[in-house]
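S.K.: So the protein sequences, as listed, match chains A and B.
Number 58 in our numbering belongs to position 58 of the first sequence; there are no gaps in the numbering.
Number 219 in our numbering belongs to position 219 of the second sequence; there are no gaps in the numbering.
Hints should not be assumed to be uniformly reliable.
List of simulated lysine to aspartate or glutamate pairs, EDC-like, C-alpha gap at most 20 Å [what the hints assert, rightly or not]:
id	chain 1	residue 1	chain 2	residue 2
1	B	K132	B	D168
2	A	K83	B	E117
3	A	K83	B	D147
4	B	K242	B	D284
5	B	K242	B	E226
6	A	K42	B	D284
7	A	K110	B	D284
8	B	K290	A	D77
Derived coverage of chain A by chain B (criterion: at least 3 residues anywhere in the stretch with Cβ under 8 Å from a Cβ of chain B; other residues may be distant) [to be verified]:
id	stretch
9	40-53
10	58-67
11	89-97
No lab work stands behind these hints: they were computed from the structure.
This one's a predicted model, so the numbers in the text were calculated from it and none came from an experiment.
We put the beta carbon where it would ideally sit given N, CA and C, even for glycine.
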Amino acid sequence: MIRKSVCIVGLLATVMVATLLLPAGSPGRSANTAEPASAEVKLDNFSFGPATLTVAVGTTVTWTNRDDIPHTIVSTDEVFKSKVLDTDETFSFTFSKAGTYPYFCSIHPKMTGSVVVQ
Amino acid sequence: MAKRKKDEILHDHNNDGVDRRGFLKCMAWAGTGALCVMEGGILKSYSLSRLGEISARETAGELSFVQISDSHMGFNKPANPDVAGTLKAAVQKINGLSKPPEFMLHTGDISHLSKPEEFDTVDQVLKDASAKDVFFVPGEHDVLNDDGKSYLERYGKNVKGAGWYSFDKKGVHFIGLVNVMNLKAGGLGTLGHEQLEWIEDDVQHLKSSTPIVVFAHIPLWSVYPEWGWGTEDSAQALAYLKKFGSVTVLNGHIHQIMQKVEGNVTFHTAASTAFPQPQPGKADSPGPLKVPAEQLKNVLGITDVNYVQGRNALAVVDSTLA
């Protein structure tokens, strides 16, 4: 009987020690093991949603065309430029420098948006 | 053929022979199957079922041509899953005119994604038209990937710059313009300095009695700036044409028929052969407008234009594919 108890205690102790040794779980991942941050912009009805997106430096923004007409993503300061995106096609860009990046659709220039990188 | 008294000129405030009130009333009928004919400044309307009579009268002119627009070859969404089929129907309509048009103007958005196979298909379909010569200007969908290089390789023989040019037919001077290049964020269509200077030079030595036809993709008047339906610097182009007694501007881009008369200039936009778009402000955005399948051909169409020497304005007749 005692032997069994000792075994159980030993097992519990091992589990407790093991738990304490585990790294702190996410949220708040450490820089070494973190996946890069990502954000999305959806295109629909001739507009970018959200029109202004604020992200952290190092974020990869992915634009997805949900409209039934093709669009492009073109930075007004020539920082990035997508090829033509038909429905469901995507374009991604990683923002490695802080700043404000206005962009528009070169086919429908009234369609404008911006990414603010902080 | 009985003339309907109420379509005769009643209000000629500008003394130019155009009854604007009658004009607007007629345009409201266009959606339900009437044809509006402006001939020598007088507006008449006929129901589509009398198309045969109209063709016989109007093609008594000296020069007739057809405008088609916005074929968007390659588009395959619900608003029209068969744009090749509706383009073929447009060609059949053209071939049904009692007098074959001398040539055709295509006011752009020939393709949907500037792909070679899309341009190829349009060329193939148009080969069956009674009018063998086709004059093109690009839409924004035709110059997508390479700043218009592949468009110019295909359609750019004897053009200047991004694809503008002029030619003469039976004393009428035609000017094809490009207003879909270098579009700026938040902007409208644009002609640009080089093209404007070329226009000024091109018309300088023409007599003011020469009828002028300008064709370009995006409207050269301000249809609805919120949706990009206008051209920033068209006023300068029109200023160079001020001396002419008859100027007809043919555009596409908005996928619906609209007309406006301003002094000596008649502006006209064509229906698309692919899909309709909403009227200004009547939807969230100017995207493809879905209509019940059986109504699709009622909102797509071609434009038949006739010139009779001695008459001031060209006769512009729209007909639907139904």
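S.K.: Give a verdict on every hint.
M.R.: Against the structure, the hints:
Distance hint between B:K132 and B:D168 is fulfilled; the C-alpha atoms sit about 17 Å from each other, no more than 20 Å. Of the supplied pair hints, the one linking A:K83 and B:E117 holds, its CA atoms being roughly 18 Å apart against a limit of 20 Å. Note on A:K83 and B:D147: the hinted pairing holds, with a Cα-Cα distance of about 12 Å set against a maximum of 20 Å. A threshold of 20 Å between alpha carbons decides the hint, and for B:K242 with B:D284 the separation of about 36 Å lies outside it, so the pair is violated.
A C-alpha spacing of about 27 Å is found between B:K242 and B:E226, which places the hinted pair above 20 Å, so the restraint is violated. In summary, the hint linking A:K42 to B:D284 is supported, as the alpha carbons are separated by about 16 Å, within the 20 Å threshold. Taking the CA atoms of A:K110 and B:D284, the gap is near 13 Å; set against the 20 Å cutoff, the hint holds. Restraint check: the Cα-Cα separation between B:K290 and A:D77 comes to about 36 Å, which exceeds 20 Å; the hinted pair is violated.
Figure legend: the stretch 40-53 of chain A, annotated as covered by chain B; annotation consistent (3 residues with Cβ-Cβ distances under 8 Å, at least 3 required). By the rule of at least three residues with a Cβ nearer than 8 Å to a Cβ of chain B, the coverage given for the stretch 58-67 of chain A is violated, with 1 such residues. With a cut-off of 8 Å between beta carbons, the stretch 89-97 of chain A has 0 residues touching chain B; three or more are needed, and the interface restraint is violated.
Going through the hint list in order, the structure does not satisfy hints 4, 5, 8, 10 and 11.
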